[in-house]
Amino acid sequence: MASSLIPAGDFRTSYAVDTTIFPTVTSRNFAIAGVVLCALAPLVLNDYWMSMLIAIGIYGIAALGLNVLLGFTGQISIGHAAFFLFGAFTSAYLSSKMGVPAFFAIPLSGLATALVGLIFGLPAARLKGLYLAIATLAAQYILLDFFARAEWFSGGSVPATAEPFSIFGYTFTGDHQYFYVVLAYVVVSFLLVTNMMRTRDGRALIAVRDHYLSAEIMGINLTYYRTLSFGIAAFFAGIGGALYAHYQLVVSYEGFGIERSVLFLAMVIIGGLGSVMGTLMGTAFVVLLPEAMEWLSAALRGGVIDQTLALKNNITFVREIAIGVIIIAFLVFEPDGLAHRWHQIKAYWKFYPFSH
Amino acid sequence: MKITTLLGSAALALVLGASGAFAQSAIRIGHLADYSGGTSDVGTPYGQAVADTFAWINKNGGINGTKVDIETVDYGYQVPRAIAQYKKWTGSDKVAAIMGWGTADTEALTGFVAQDKIPFLSASYAGQLTDPTGAAGKAKAAPYNFFYGPSYSDALRAELTWAAEDWKAKGKSGAPKFVHMGANHPYPNAPKAAGEALAKELGFEVLPPLVFALTPGDYSAQCLSLKSSGANYAYLGNTAASNISVIKACKTAGVDVQFLGNVWGMDENAAKAAGNSADGVVFPLRTPVAWGGSAPGMKTVQEISKISDPSGNVYRPVHYIAGVCSAMYMKEALEWAAKNGGVTGENVKKAFYQKKDWVPAGLEGVCNPSTWTDKDHRGTLTVDLYRSKVSGATDGDLNDLMKKGTIKLEKVKTIQLPRKAEWLGW
Chain A
32 MASSLIPAGD FRTSYAVDTT IFPTVTSRNF AIAGVVLCAL APLVLNDYWM
82 SMLIAIGIYG IAALGLNVLL GFTGQISIGH AAFFLFGAFT SAYLSSKMGV
132 PAFFAIPLSG LATALVGLIF GLPAARLKGL YLAIATLAAQ YILLDFFARA
182 EWFSGGSVPA TAEPFSIFGY TFTGDHQYFY VVLAYVVVSF LLVTNMMRTR
232 DGRALIAVRD HYLSAEIMGI NLTYYRTLSF GIAAFFAGIG GALYAHYQLV
282 VSYEGFGIER SVLFLAMVII GGLGSVMGTL MGTAFVVLLP EAMEWLSAAL
332 RGGVIDQTLA LKNNITFVRE IAIGVIIIAF LVFEPDGLAH RWHQIKAYWK
382 FYPFSH
Chain B
19 MKITTLLGSA ALALVLGASG AFAQSAIRIG HLADYSGGTS DVGTPYGQAV
69 ADTFAWINKN GGINGTKVDI ETVDYGYQVP RAIAQYKKWT GSDKVAAIMG
119 WGTADTEALT GFVAQDKIPF LSASYAGQLT DPTGAAGKAK AAPYNFFYGP
169 SYSDALRAEL TWAAEDWKAK GKSGAPKFVH MGANHPYPNA PKAAGEALAK
219 ELGFEVLPPL VFALTPGDYS AQCLSLKSSG ANYAYLGNTA ASNISVIKAC
269 KTAGVDVQFL GNVWGMDENA AKAAGNSADG VVFPLRTPVA WGGSAPGMKT
319 VQEISKISDP SGNVYRPVHY IAGVCSAMYM KEALEWAAKN GGVTGENVKK
369 AFYQKKDWVP AGLEGVCNPS TWTDKDHRGT LTVDLYRSKV SGATDGDLND
419 LMKKGTIKLE KVKTIQLPRK AEWLGW
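So the protein lines, in turn, are chains A and B.
According to my numbering, the first sequence is numbered sequentially starting from 32.
According to my numbering, the second sequence is numbered sequentially starting from 19.
Calculated from the structure, these hints are not laboratory results.
Don't take every hint at face value.
[Said to hold, decoys possible] Distance windows between CB atoms, simulated:
1. B:Ser43 <-> A:Leu331: 19 to 27 Å
2. A:Phe53 <-> B:Ala73: 53 to 61 Å
3. B:Ser43 <-> A:Trp183: 46 to 54 Å
4. A:Val218 <-> B:Ala271: 54 to 62 Å
5. B:Thr233 <-> A:Ala360: 28 to 36 Å
6. B:Glu440 <-> A:Glu182: 13 to 21 Å
7. A:Phe135 <-> B:Glu440: 30 to 38 Å
Each residue gets a CB set at the ideal place from its N, CA and C atoms; glycine is no exception.
Could you put the whole structure together from the sequences, leaning on the hints where they help?
As structure tokens, this is what we get:
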């Protein structure tokens, strides 16, 4: 994918070069600069923009898990939101009822969610494609029903509360401080997954995706890797959910239906299947698109177009339709996702003015 | 992300520049409404009422002469939208208070509003929002959450109190059977524990709950279970569209049961949609009167209604009047805060504690006298129970149907619940 960036004649002559995380020095510097820029963001941005960045980070981690499953292993899950919510409830439960500090509760709930993911991933050993999709759809409903009934765990109709994140007696309050917690998790998660893709297990996942029969002939245990990939996906969903819980301080299962699971799918598909970087782009797109449409519709409100068409309150319907249309148009014109477009832009500038 | 950050700061600079001029001259408050989402059927009249009331306030002198800069945002009942909007309101130029809407936004924001000290007057009446200190131990403290009207639990308690009397009045023998119906969702479940506990206390036989989804559908199976269970009183916990499906299906199945609606589960529009199946459903109102009812304050409500309907002919459903009351309480709280140290979230919160049996000026007889204290946010424990009467076909315009009396809301009883400490917070 990144081949357009690597100079011609640059052959990989050692294993170390072949397995590097960043293909070029510039890309590594860019990644570091990006993290540093993000770390400086709270100095200039207000709560609204911080909350946007936090949302991108939290959903990005969860979407990354789904990308491992969907983009790297070629499996499907339409119950990702339920795993996300499971992580949120677990962390809330651990921190407020068991007295586990949020610092430990977040990774623990990631692990707990991974276990649940492994259980719901079991059908993947037998099912493929649409059949698997339906099986994972069941996970969504089973888990949501569990939350509705298990009042000791989720609080039932009363939202569960989570303790704020604190470390060495210092509590992270407000968006500006909590952002650093999310940023740390984003960096670690994305490095982890990028790194994992260089390992034997990561390559096995890709082999399963590309041709499961060949993979099996090569000695890859299909059942093991398919189920493992569900576990990994659920792990990151759980981490994302736990971060969400300690950000919001309350967790309610309102708004985590199937539509949220579809949004996670949208993030991964828009970003680019099988692209770690693309996951973040896709998440940013899905989080910011409704906001951008909101600014647009706010600008339209009361304007000439509004008055001539007598839109009034219907402007919000136009807004929602526009979001749908943009996503469809995006998939038609950009089926390989944002990551692909990003590479093309880079390639264009690299060869400028001799683009072909 | 880098690009969005850059774009963000540019957009932010614009927003700051644009809103800077406004900030000093007006009192900023936020208004979350649902005109397009899952609860838009009831969200529209309620939200319209809040918007109309503040427009009317601005026309009539504002808050001690200062205009209210209210930003109404249709968040489509989507949690992420509500959070983003909230962050916008608290980012640079903090709002003094927020007029909220339903379960989705209220629950998602409880933690934030307490942290940021912004009073949040919701139209979600969940019991846990009434406990500002957390002393009841049912949920975490919700010090900045307010609402006008009885909580979901208290409304159901009132209905059960009435049902017990009704059973006796009808001279029936044995224990009446009560069943809770609704989706497995925070909203229908909110009053479940409270209802079933009181039902047992009042001598009802409590049947296992019946589940039906929040969306309209085919609920014949639920009606057959209802029929075979022999329930006498059934509480419908869902919102109107779904409840209508059930009462229609049960009418077809020939179930003989007294339905008890909830505050968002039945209104004039729902009665029109359900037709004669809705005949006889008992449900709670947050106000002693419905549209056009005889009360000194009804004139003010009609004046406010003219903001969005200059003809004055449109019939406003019960939610509109509740919305007017909610907005007027907020108005008077803002007034008090402006006179006592400035319109900040903390002062607005304090303002809610200033009066006993508080009725907003001009709305006498329309809003039930309410008392909020720093330990108890149950504003009112008065529940006005109404029965929907449908006599004939309900096609056509709601205005005509109400005028002709095809659909009527008939007062059943006003229940005054005791302010029991053990009922606080659930």
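Here is what the structure says about each hint:
1. The hinted range of 19 to 27 Å is satisfied by Ser43 of chain B and Leu331 of chain A, whose Cβ atoms lie roughly 25 Å apart.
2. In this structure the hint that Phe53 of chain A and Ala73 of chain B lie 53 to 61 Å apart at CB holds, the actual value being about 57 Å.
3. Between Ser43 of chain B and Trp183 of chain A the C-beta distance comes to about 52 Å, which sits within the given range of 46 to 54 Å.
4. A C-beta distance of roughly 59 Å is found between Val218 of chain A and Ala271 of chain B, which places it inside the suggested range of 54 to 62 Å.
5. The supplied range of 28 to 36 Å is met by Thr233 of chain B and Ala360 of chain A, whose beta-carbon atoms lie about 29 Å from each other.
6. At about 19 Å, the CB distance of Glu440 of chain B to Glu182 of chain A agrees with the hint of 13 to 21 Å.
7. With their beta carbons about 36 Å apart, Phe135 of chain A and Glu440 of chain B fall inside the hinted range of 30 to 38 Å.
In this structure, every one of the numbered hints holds.
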